[in-house]
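Protein chains in written order, with the working numbering: chain A, 164 to 388; chain B, 19 to 250.
Do not take every clue at face value.
What the hints assert, rightly or not - If you want the ones that stay clear, here's a sample from chain A, every Cβ over 10 angstroms from chain B, calculated:
| hint | residue |
| --- | --- |
| 1 | T172 |
| 2 | D271 |
| 3 | Y293 |
| 4 | F308 |
| 5 | R366 |
| 6 | E383 |
| 7 | D385 |
To be verified - Just so you have them, the derived chain A footprint on chain B, three or more residues with Cβ under 8 angstroms:
| hint | segment |
| --- | --- |
| 8 | 122 to 134 |
| 9 | 230 to 242 |
No lab work stands behind these hints, which were simulated from the structure alone.
Backbone N, C-alpha and C fix where the C-beta goes; we use that ideal spot for every residue, glycine too.
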Amino acid sequence: MKKLFVPLTIVTAALFAYAPVAIAGAPYESTMLLVQKIFYFHVPSWMGMYSAIAVCGGASAVHLFKNRPAADRLAVSAAELAVMFGAIGLVTGPLWGRKAWGVWWSWDVRTDMAFLMWLVFVAYLLVRTYGGPGSDKLAAAMGLFGTAVSPFVYVSVNIWRTVHPLNTVVPELIGGSMPGAGLPFAVSSFAFLLLFALLLALRVNLASRQAVLDELYLAEEDGAA
Amino acid sequence: MFFRTALLVLRKDFAIEIKSFELVSTTLFFAVGCVVVFAFALVSFAGEAAAAGRKPEDAAAAILWIALLFAGTLALGRTFERERYGETIRALLLAPAPRPALYVGKLLGILCLLGLTELLLVPLIALLFNAPLLTQLTLLLPLLVFGTVGFAAVGTLFAAMLMRARTRDVMLPILLYPITIPVIIAGVRGTSALLTSPRDEPTAIMWLAILVCFDVVFVTLSLWTFEPLMTE
Numbered sequence: 164m165k166k167l168f169v170p171l172t173i174v175t176a177a178l179f180a181y182a183p184v185a186i187a188g189a190p191y192e193s194t195m196l197l198v199q200k201i202f203y204f205h206v207p208s209w210m211g212m213y214s215a216i217a218v219c220g221g222a223s224a225v226h227l228f229k230n231r232p233a234a235d236r237l238a239v240s241a242a243e244l245a246v247m248f249g250a251i252g253l254v255t256g257p258l259w260g261r262k263a264w265g266v267w268w269s270w271d272v273r274t275d276m277a278f279l280m281w282l283v284f285v286a287y288l289l290v291r292t293y294g295g296p297g298s299d300k301l302a303a304a305m306g307l308f309g310t311a312v313s314p315f316v317y318v319s320v321n322i323w324r325t326v327h328p329l330n331t332v333v334p335e336l337i338g339g340s341m342p343g344a345g346l347p348f349a350v351s352s353f354a355f356l357l358l359f360a361l362l363l364a365l366r367v368n369l370a371s372r373q374a375v376l377d378e379l380y381l382a383e384e385d386g387a388a
Numbered sequence: 019m020f021f022r023t024a025l026l027v028l029r030k031d032f033a034i035e036i037k038s039f040e041l042v043s044t045t046l047f048f049a050v051g052c053v054v055v056f057a058f059a060l061v062s063f064a065g066e067a068a069a070a071g072r073k074p075e076d077a078a079a080a081i082l083w084i085a086l087l088f089a090g091t092l093a094l095g096r097t098f099e100r101e102r103y104g105e106t107i108r109a110l111l112l113a114p115a116p117r118p119a120l121y122v123g124k125l126l127g128i129l130c131l132l133g134l135t136e137l138l139l140v141p142l143i144a145l146l147f148n149a150p151l152l153t154q155l156t157l158l159l160p161l162l163v164f165g166t167v168g169f170a171a172v173g174t175l176f177a178a179m180l181m182r183a184r185t186r187d188v189m190l191p192i193l194l195y196p197i198t199i200p201v202i203i204a205g206v207r208g209t210s211a212l213l214t215s216p217r218d219e220p221t222a223i224m225w226l227a228i229l230v231c232f233d234v235v236f237v238t239l240s241l242w243t244f245e246p247l248m249t250e
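Extracted from the complex, chain A is given alone in its bound form (with noise of 0.2 angstroms):
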């Protein structure tokens, strides 16, 4: 990863650079227009928060029975990163329902369900910090159910339809109705994705470096009693 780093990140760097001249290039959207294009962002925040979920609730799931530190690491990082993305999400989600449905939130499943997600991981980070000692393995227990919860995100996105888009309308779009958005939204995918698993990396590095830091502080407490 340490090699890859920097390769990468100058690719992240230019997919996100040429994602807004893909996304002007696409193709508009039979009805929605303009406004549509905010799917390019949109639909790949929530591919980056729930990727983070699942990295999330396996790490934690390791650190619950194996108890081992640096899934610990990465869990919380991954947490952080779910929570970021989340945000995006929900700020893009509703600029684009005001102006395709007329309201800001229309209480459907589908947005609540992914609102909830994203609460169930800012939960996660308040018993991360306020918990106390030990709150590594209650955060660890609330990562593990969070993911859990996820499938009933996705039950809920499939069964109950109502007006937001199901997930399907994706390679629908891709395949037929809109032949050229293919291209800007695997260019945005593909970018959010990397920048999720680099953002992983770096803080998932802070991370161990801390810990590090922290055991030389015991040595040299130690060392001077």
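Got chain A; can you put chain B on it based on the hints?
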């Protein structure tokens, strides 16, 4: 061995509770208080809510589940506060018994308490809101049972693990509500589908099925994580 231990924990909680009725009386009173607060909040808005297209059956279903959720959170906190205060949880954990059995015992105790609360809440809400809750018991009962089990399964685990945390009082609702919101959505939507006339049976059954899935997943996960979470 497993179920005997669970029943012993339940019997212990009963024996303590029967001396003072502290948990039962406070939880029931709190639940009634919730109903009254929400009733007043919604009744004064009745005209406006009707104009906005909100149906009265939603209000009855919502108040039932909100009162249950709030009273349940309070009860969960209190049961484990009692264990912590007497330092009895340490003794329980030291006992040569399977840890998940302790969890099941505590869960059964909470379920009994919440069942009692429901026994009071359902007729009360049926009476206050003129809702046909009591004629829909064939589907309302499973909705309540599975909803309560889902909420209490996660709640018992979280309340138990939070005994060690410094900020346990505020952390319980913070952690519990986002995870158990699917239970509340399913419970409220399922119940309000039963209260429409004519009642919307397929919708209620679909929500019931989701509750059953939720219960299976979260009871399993709780049994599975109780041991590592309670080990310091």
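Are there hints from earlier that the structure breaks, and if so, what are their numbers?
3, 4, 8
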